[in-house]
Structures are given as C-alpha cells and as structure tokens.
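Number of protein chains: 2
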Amino acid sequence: MKTTDRPLILISNDDGLDYGGIQTLIAIARRLGDVVVVAPRQHQSGMASAITVSRPLRAMLHSDEPGYRVWQVDGTPTDCIKLAFSHLLGGRTPDLVLSGINHGYNAGISTIYSGTMGVVFEASAHLVPAIAFSHENYHPEADFTPCEATIEQVISAVLRDGLPTGVCLNVNFPNSASYPGMKITTTAMGHWESEYEHRVDPHGQDYYWLTGHYECDDPDDDSTDMYWLGKGWITVTPCHLDQTDFAAMPVVATMLDVAVAKG
Amino acid sequence: MKTTDRPLILISNDDGLDYGGIQTLIAIARRLGDVVVVAPRQHQSGMASAITVSRPLRAMLHSDEPGYRVWQVDGTPTDCIKLAFSHLLGGRTPDLVLSGINHGYNAGISTIYSGTMGVVFEASAHLVPAIAFSHENYHPEADFTPCEATIEQVISAVLRDGLPTGVCLNVNFPNSASYPGMKITTTAMGHWESEYEHRVDPHGQDYYWLTGHYECDDPDDDSTDMYWLGKGWITVTPCHLDQTDFAAMPVVATMLDVAVAKG
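Going down the list, the sequences are from chains B and P. The working numbering numbers the first residue of the first sequence as 8 and each following residue consecutively. The working numbering numbers the first residue of the second sequence as 8 and each following residue consecutively.
Source of the hints: derived by calculation from the structure; they are not laboratory data. A couple of the hints might just be wrong.
Chain B regions said to be covered by chain P (calculated; three or more residues, Cβ under 8 Å) [unchecked claim]:
| # | stretch |
| --- | --- |
| 1 | 42 to 50 |
| 2 | 70 to 79 |
| 3 | 116 to 125 |
| 4 | 140 to 153 |
| 5 | 193 to 207 |
| 6 | 241 to 250 |
| 7 | 256 to 268 |
Here the structure is a predicted model, which is why all the values come from computation and not from measurement. Glycine included, every Cβ here is placed at the ideal spot set by N, Cα and C.
Input sequences plus hints: build the corresponding full structure.
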C-alpha cells in the first residue's frame with residue numbers, strides 16, 4: 008500500500024470479516040483515511056486480551072487495493088493488533104485503531120471478557136488512540152445504519168484531537184432506529200448471576216453451559232453505561248489499560264506494614 | 008466438604024495442577040483455611056479473562072478430603088472461577104481467592120494478558136478479596152521456598168483485614184534466595200518490541216512466533232513493579248477490574264461536545 012497523506016486506520020474485531028459490523032466500520036473508515044484490516048479468521052468472542060503463545064500465527068492477504076488492505080490472522084483479536092504493529096503494517100504506525108462494530112453490547116464488566124476491547128487495549132499499549140464500537144443487536148444481519156453518522160462523528164473527532172495518552176473509547180449503541188444523544192459514562196460494576204445451566208449428558212455425566220444475567224452492583228448509579236443504555240442513549244466510556252488502583256496503595260501499604268514505592 | 012469455622016479459600020491458576028507453583032500455594036493455604044482448588048485441565052498461559060462461550064464445560068473431581076477438595080475444569084482460568092461461584096462451591100462464597108504461584112512474572116502490562124490475573128479479576132467482580140502470586144522463574148521445577156513466609160504473611164493480612172471493595176493484589180517475586188523487602192507499586196506501562204519472529208516453512212509460507220522484549224514507557228519511574236523487581240524487591244500492586252478512565256471523561260465530553268453522565 009502506498010504511503011499517502013491520509014490518516015492510516017487499523018481495524019479489527021472479534022467476529023471476523025463475515026459480519027456486517029466490521030463491514031459497516033470499514034465503509035465509514037475508508038471515507039476518512041487509508042485502511043488496513045487485520046481480522047481474526049475464526050470467531051473470537053469472549054477472548055479478552057488473550058494471546059497465542061504455544062503455536063505460531065499465519066497471516067493471509069485477503070484484499071489489496073490502493074488505500075485498502077485486508078488480512079486474516081488465525082489468532083485472537085489481540086494477536087491481530089500485535090502482528091499488525093510488528094509486521095503487517097510494514098513498519099508504519101497507525102493514526103487510529105478501530106474495533107467492531109461488535110454484534111452485542113460490551114458494557115459493564117463485559118469489557119474485561121471482550122475481544123473487541125482487547126483490540127483497543129492493545130492499541131493503547133502502543134500509545135495509539137483507539138475506539139471500540141459495540142451494538143446491542145447480536146444478530147449477524149443487524150442493521151447498523153442508524154449508528155453510522157455518530158460513528159463517523161466520533162472517529163473524526165479522535166482523528167482531529169487525539170485522545171489522552173493511553174486512553175481508548177468504548178462506544179455502545181442500543182438497538183434503536185434513533186437516539187436521544189450520547190453520554191460520557193463509567194463502566195457499571197457488577198457480575199453475572201445464575202451463570203451456568205447444569206445439564207446431564209446421555210451417559211450420565213454433568214456439563215455446564217454459560218448463560219445467566221448481569222446484575223449491576225448499583226443499578227441506580229446514573230453515571231454508568233448500563234444505566235444510560237437502558238434509557239436508549241449512546242454511551243462513550245473512556246478506558247485505560249492500567250488497572251493499578253492508586254487509591255488502594257496506601258491502604259495496602261498500611262495493612263502489610265511496608266512502604267509505597269518511591270526512591 | 009463440611010462447613011467449618013475456618014475461612015474458605017478458593018485457588019486457581021493458569022498452568023494447571025501439575026506445576027509446583029499451585030502446589031506450594033495449596034500447602035500454605037491449607038494451614039490457614041479450608042481449601043477448594045478449581046484449576047484448568049490444560050495450560051492456559053496468556054488467556055487473560057477469556058471465557059468459553061461456544062461449548063459447555065466439564066468439571067472433574069480430582070481429590071476430596073475433609074477441608075480440601077480439588078476440581079479440574081476443561082476451560083480458562085476465568086471459567087474455573089465462574090463455575091466455582093456458580094456450582095462447585097455448593098453455594099458458599101469463599102472468603103478469599105488465590106491465583107498462582109505463576110511460573111513467570113505478571114508485571115507491567117503482562118497483567119492484561121495473564122490468566123493468573125484473570126482469576127483475581129473475576130473474584131473482584133464477585134466482590135471477594137483476591138491475590139495473584141507470580142515468580143520470575145518460569146521453570147516448572149522452580150523452587151519457591153524463599154517466598155513461602157511472605158506469601159503466608161500476605162494471605163494472613165488479607166484474611167484478617169480484607170481489601171477495599173473490588174481491589175485485588177498482584178504480587179511478584181524475583182528469582183532469588185532472599186529479598187530486601189516488599190514495595191507497594193504501580194503497573195509499569197509499556198509494550199513489547201520485536202514481538203514476532205518471522206519464519207518461512209518448508210512450503211515457502213510465512214509464519215510468526217511470539218517472542219520480543221518488554222519496553223517500559225518510563226524505565227526510571229520508581230513507583231513501578233518493573234523498577235523494583237529489577238532491584239530484587241518483592242512487589243505488591245493493588246489492581247481493580249474497573250478500567251474506566253475517570254480523568255478522561257471531561258476531556259472526551261468536551262471533544263465530542265456532549266455531557267458527562269449524571270441525572
């Protein structure tokens with residue numbers, strides 16, 4: 008791909024190339040810059056920031072046009088971004104990394120299991136601004152047309168202004184034909200209840216299917232993504248890959264009777 | 008397992024039962040409480056907080072003695088903790104969740120790829136205190152004897168005092184016969200360089216092996232885990248599963264010309 012003056016946008020997801028979500032995102036991004044897609048070859052839902060350590064990766068070139076190149080990698084979403092930075096971008100650093108559009112929300116603590124979010128956290132490690140887009144409708148044929156103007160607006164703003172160092176955005180859309188607007192939100196803490204359905208196979212052996220429902224720790228907290236998605240709004244949650252709890256440092260230091268690190 | 012007055016300690020890891028690390032941790036924990044181990048059946052290094060969504064899980068009872076029960080699950084470390092809370096603890100909530108001892112550091116942003124950390128983040132989602140232990144020596148036969156007193160001290164302190172809500176501890180040990188002490192640290196931000204080795208197979212096809220070395224964004228920052236591990240100290244980093252960047256919220260609100268969520 009020729010180097011141009013247009014911004015270079017790297018795109019991945021956790022569903023692979025066949026889903027409408029990534030195709031919608033590619034179409035929008037191609038209006039705004041040169042695009043390289045590095046997508047997983049197989050479905051990678053729930054793969055978080057998992058990386059492949061026990062076997063090597065393969066990359067297959069799927070499309071190659073001026074300003075547009077598409078690869079498939081037989082690994083996780085995070086593998087895709089790592090291999091892009093390491094080899095597939097030919098040494099160029101992208102101006103922006105995009106992930107999604109995921110078919111299904113990545114709100115609440117779904118962010119920690121999400122391969123869609125794994126993409127943007129890996130971009131953050133490389134200090135490149137990144138945006139994850141997810142949509143309530145998990146049907147492969149979901150219509151994302153009502154989201155397109157907002158997606159283009161958010162991408163354009165980040166291309167123009169950047170993001171604070173190490174910050175990525177987690178954008179979620181309810182399944183709706185229109186939206187009252189967008190809110191800047193926090194991640195709703197919580198956990199899944201009744202998380203596995205216990206069944207017995209024809210040979211009398213137990214097995215467990217993942218299922219369940221999300222319980223917010225505080226469903227009335229009107230700062231959270233889950234609260235505003237429930238009211239039909241688009242939510243934008245700034246995230247950081249640093250999971251250090253700075254406020255807890257002096258508490259733990261006192262508890263263990265040791266010093267907080269410095270000098 | 009009978010219910011007793013002793014604390015209930017749930018243990019997992021990402022290496023499986025055969026490694027010395029988890030066996031060392033089990034031996035220490037059994038001195039302090041009743042222990043249930045739910046460990047992955049296969050190696051799960053680099054699995055982060057990945058969950059199994061496309062097939063059901065199986066759990067096999069491996070040992071069952073008074074105050075001590077061991078399960079193996081054919082899934083990820085996070086699956087192990089989820090299935091424990093959902094079914095394998097018989098409805099009891101553990102007082103503490105332990106992970107490791109991992110053979111290999113989980114310092115710097117390794118925390119985001121680490122199955123060892125996936126265990127403790129899942130415990131945090133259930134609001135249960137949790138501690139991950141990792142050791143520089145990745146050899147399966149590594150000798151963790153010099154760490155045992157400190158591990159018992161940290162576990163005892165958390166059993167006594169708890170941890171702030173949603174906080175877990177990430178404890179790392181250099182490979183050493185003795186230590187100058189322990190520091191409460193932050194996670195060293197950075198990324199891997201030269202991350203894949205490109206090779207060509209006998210059929211002329213490219214493949215890529217994960218390798219590389221970690222580059223700290225600021226190697227002189229004397230608040231970080233990487234800095235103090237490099238000086239031979241034990242590090243304790245308090246972590247939280249909430250990845251919201253609260254400081255970035257007003258910045259992003261201004262950039263997108265929308266409101267920060269509230270009421």
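Coverage of the stretch 116 to 125 of chain B by chain P (three or more Cβ within 8 Å): holds (count 5)
Closer than 8 Å Cβ to Cβ for three or more residues is the test here. Does the stretch 241 to 250 of chain B pass it with chain P? holds (count 9)
Take the stretch 42 to 50 of chain B, compare each residue's beta carbon with every beta carbon of chain P, and decide whether three or more fall closer than 8 Å. Answer violated; 1 residues pass the 8 Å Cβ test.
Given that the stretch 70 to 79 of chain B was listed as covered by chain P, double-check it with a C-beta distance under 8 Å for 3 or more residues. violated (count 0)
Confirm or reject the coverage of the stretch 256 to 268 of chain B by chain P under the rule of 3 or more residues with a beta carbon closer than 8 Å to the chain's beta carbons. holds (count 11)
For the stretch 193 to 207 of chain B, do three or more residues have a beta carbon lying closer than 8 Å to a beta carbon of chain P? holds (count 11)
Quick check: do three or more residues in the stretch 140 to 153 of chain B have a beta carbon closer than 8 Å to a beta carbon of chain P? Per the Cβ count (0), the hint is violated.
Against the hints set out earlier in the document, violations occur for numbers 1, 2 and 4.
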